[in-house]
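Colleague: Assemble the complex: chain S is given as a structure, and chain Y must be docked to it using the hints.
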Amino acid sequence: MALLQTTATLFNKELRTELRSRELITTTIVFIVLVVVLFSFTFDPTSTESRRFGPGLLWLAFLFAASLMLQPCFLREQLNDTLSALRMASPDPFAIFLAKLAANTMFLLLTELLMLPVFAVLYNVPVWHVLPSLALVLFAGSVGICVAGTAVAAISAQARMRELLLPLLLLPLLTPVLIASTEATAALLAEKPELRLDWLGFLAAFDLVFLTALWLFGEFLLEE
Amino acid sequence: MKRNLFALLVVLMLGWAAYASFFVAPTENTMGVIQRIFYLHMPSAIVAFCAFLTTFVANLLYVFRRQQRWDWLAVSAAEVGLAYITVVLITGPIWAHPVWGIWWTWDARLTSTFVLWLLYVSYLLLRTLIEDPHRRALASAVYGIFAFLDVPLVHMSIRWWRTQHPQPVLMGGPGTGLDPRMKIVLLYSFIALLSLMIFLVRQRYELEAMRGEADALRREAEAA
Numbered sequence: 012m013a014l015l016q017t018t019a020t021l022f023n024k025e026l027r028t029e030l031r032s033r034e035l036i037t038t039t040i041v042f043i044v045l046v047v048v049l050f051s052f053t054f055d056p057t058s059t060e061s062r063r064f065g066p067g068l069l070w071l072a073f074l075f076a077a078s079l080m081l082q083p084c085f086l087r088e089q090l091n092d093t094l095s096a097l098r099m100a101s102p103d104p105f106a107i108f109l110a111k112l113a114a115n116t117m118f119l120l121l122t123e124l125l126m127l128p129v130f131a132v133l134y135n136v137p138v139w140h141v142l143p144s145l146a147l148v149l150f151a152g153s154v155g156i157c158v159a160g161t162a163v164a165a166i167s168a169q170a171r172m173r174e175l176l177l178p179l180l181l182l183p184l185l186t187p188v189l190i191a192s193t194e195a196t197a198a199l200l201a202e203k204p205e206l207r208l209d210w211l212g213f214l215a216a217f218d219l220v221f222l223t224a225l226w227l228f229g230e231f232l233l234e235e
Numbered sequence: 101m102k103r104n105l106f107a108l109l110v111v112l113m114l115g116w117a118a119y120a121s122f123f124v125a126p127t128e129n130t131m132g133v134i135q136r137i138f139y140l141h142m143p144s145a146i147v148a149f150c151a152f153l154t155t156f157v158a159n160l161l162y163v164f165r166r167q168q169r170w171d172w173l174a175v176s177a178a179e180v181g182l183a184y185i186t187v188v189l190i191t192g193p194i195w196a197h198p199v200w201g202i203w204w205t206w207d208a209r210l211t212s213t214f215v216l217w218l219l220y221v222s223y224l225l226l227r228t229l230i231e232d233p234h235r236r237a238l239a240s241a242v243y244g245i246f247a248f249l250d251v252p253l254v255h256m257s258i259r260w261w262r263t264q265h266p267q268p269v270l271m272g273g274p275g276t277g278l279d280p281r282m283k284i285v286l287l288y289s290f291i292a293l294l295s296l297m298i299f300l301v302r303q304r305y306e307l308e309a310m311r312g313e314a315d316a317l318r319r320e321a322e323a324a
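Chain order of the listed sequences is S and Y. One rule links them: number in the working numbering = place in the first sequence (from 1) + 11. One rule links them: number in the working numbering = place in the second sequence (from 1) + 100.
Watch out, some of these pointers could steer you wrong.
Example chain Y residues on the side facing chain S (calculated, C-beta under 7 Å, incomplete) [what the hints assert, rightly or not]:
hint : residue
1    : ARG165
2    : LEU219
3    : VAL242
4    : VAL251
5    : LEU253
6    : VAL254
7    : GLU322
If you want the ones that stay clear, here's a sample from chain S, every Cβ over 12 Å from chain Y, calculated [what the hints assert, rightly or not]:
hint : residue
8    : ARG98
9    : ALA146
10   : PHE213
Covered stretches of chain Y, going by a simulated chain S footprint (3 or more residues, C-beta under 8 Å) [claimed, not checked]:
hint : stretch
11   : 136-150
12   : 244-250
Don't read these hints as lab results, they were simulated from the structure. Glycine residues also receive a C-beta, built at the ideal position from the N, C-alpha and C atoms.
Extracted from the complex, chain S is given alone in its bound form (with noise of 0.2 Å):
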C-alpha cells in the first residue's frame, strides 16, 4: 500500500515535470514524424506495401523514439543532484522506478496514439476498425519497452558518452519486443484483422520478467 501512495505521488511529480516543460513529448513527436516520413522513400508506400513494411516501420519509429525519450528520466534527477533527496523520502526504490516507467509509458502512448493517425493517412493503412485491439498491443509493447528502458536509462546515466550508449545497451534487449508487437500489429492491419493472442501473450510474458527483474534488482542501481 505505501508503495502505491509513493509511487502516486512520484508519479504526479514527473507528470508535473513534464507538464511545465513539455519537451519531451513535443520533441518525440516532430522525431517520430520525421521518421514516418523518411521511410516512405525508402519503398513504394502503396496501401498493399504499406501493409507488409508498415507495422515495422511503425515499431522501429516507436523503439527510437524511446530510446531518445528515456534519456532524461534519471539523467535529469543526476544534472540537479535530486536522485539521494528521492532515494532518502521514498521507502521503496522500487517505487521510484515505477513512478519513472508509469510516466515514461503514458507519454510514449500518448506520442504513439498521436502518430496513428497520421501513419494511417500518410501510408493508406485504415486502423479505426481495430482500435481497441491495436491499443491493447501498443500498451502491451510500451510498457516492454519502457520497463527495460528506465532500467536501462538508470545505467546509462552513470556512464561516459550516456547518451550513445543508452539505445545501444536497450535495442538488442527490445529485440523480442520489436518482433512481437510487429507481428500482433501486422495481423491487426492485414486484410482480414486477427487479434493474435499468442504475441499478445508474449508481450505480457515479457513485460512480466523484466518487471519482476527490476523489482528483484533495480534498487542496486540506485546505490550512491
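Modeller: Using the frame of chain S, we list chain Y on its own:
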C-alpha cells in the same frame, strides 16, 4: 608450473581434436569435407553458452556478495564467451556457403546467436565507459542479468516468427543421428575447447585482478 602444464595439456588436446576431426571422423555423405568444420562450430557454441552462464552466475554473486572477484570473473568469462561466439559466427557462414548456397540466412538460430553477440558486445562496451570500479561492477552486473534473461525471450520470439525456415539440421529429431565416430570426435573437440575456455578465463581473471589491484593502489596514492 601448474599453469604451464595445463597450457601444454590444452595445446595437446586441441591438436588431437583437430587431428581427429580431419582424419578420424568419417567424411559426411552429402556435404563432404566442409562438414568437418562442424567439430569446431558446434562445440564452440556450447562453450560460449557455458561462458555466458558463468558470467550470469558471477553477476548474481557480485550483486549479493559485493566481492570484487565476482566482477573479475564476470568480465573474464564474458570476453572469452564473446570470442567463442565470434568463432561460431565466422565458421557458420563458411560452412553455410557451399552447403546452403548462401552465406547467411535469418533463421532462428543464426539470428538469436547474432543478437546474443550484440548483447555481450554492449555489456563489454558499458564496462569501458564507467570509471569507478564499484559503480562499474554493479551497473554492468545488473545489465548482465538483464541480458541473460533476455536470451531465451529472443530465441523464442525469433523461433515463432521464422517457422517457415528449415528446421535445425542437427539434433533435429529422428533421421538426423550422427555416426558414432562423429560423436566421439565431437566430444573430443568439446572437451578441448572447454579446457581452452577455462584456461583463457583463468588467465584473463588474473589479469583483471592485477588491474583491479593496481587501480586501487593508484586511487589510494591519489587520495593521499
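Colleague: Does each hint hold? Answer for all of them.
Modeller: Hints versus structure:
1. Proximity of ARG165 of chain Y to chain S is violated relative to the hint, the smallest CB-CB distance being about 12 Å (cut-off 7 Å).
2. Hint on LEU219 of chain Y holds. Least Cβ distance to chain S is approximately 5 Å, under the 7 Å limit.
3. Given the 7 Å rule on beta carbons, the hint for VAL242 of chain Y holds: about 5 Å separates it from the nearest Cβ of chain S.
4. Interface hint at VAL251 of chain Y: violated, since its Cβ lies 10 Å from the closest Cβ of chain S, which is beyond the 7 Å cut-off.
5. Hint status for LEU253 of chain Y: holds, given a least beta-carbon distance of 4 Å to chain S, under 7 Å.
6. The beta carbon of VAL254 of chain Y comes within 5 Å of a beta carbon in chain S, closer than 7 Å, and the hint placing it at the interface holds.
7. The beta carbon of GLU322 of chain Y comes no nearer than 19 Å to any beta carbon in chain S, farther than 7 Å, and the hint placing it at the interface is violated.
8. ARG98 of chain S, annotated as away from the interface, keeps every beta carbon of chain Y farther than 12 Å; the closest lies near 15 Å.
9. The beta carbon of ALA146 of chain S sits about 22 Å from the closest Cβ of chain Y, which is more than 12 Å, so the claim that it is off the interface holds.
10. Taking the minimum C-beta to C-beta distance to chain Y, about 6 Å, the non-interface status of PHE213 of chain S is violated against the 12 Å cut.
11. Restraint check on the stretch 136-150 of chain Y versus chain S: 0 residues with Cβ-Cβ distances below 8 Å, three needed, restraint violated.
12. For a cut-off of 8 Å, the count of residues in the stretch 244-250 of chain Y with a CB near a CB of chain S stands at 5, and the three-residue condition holds.
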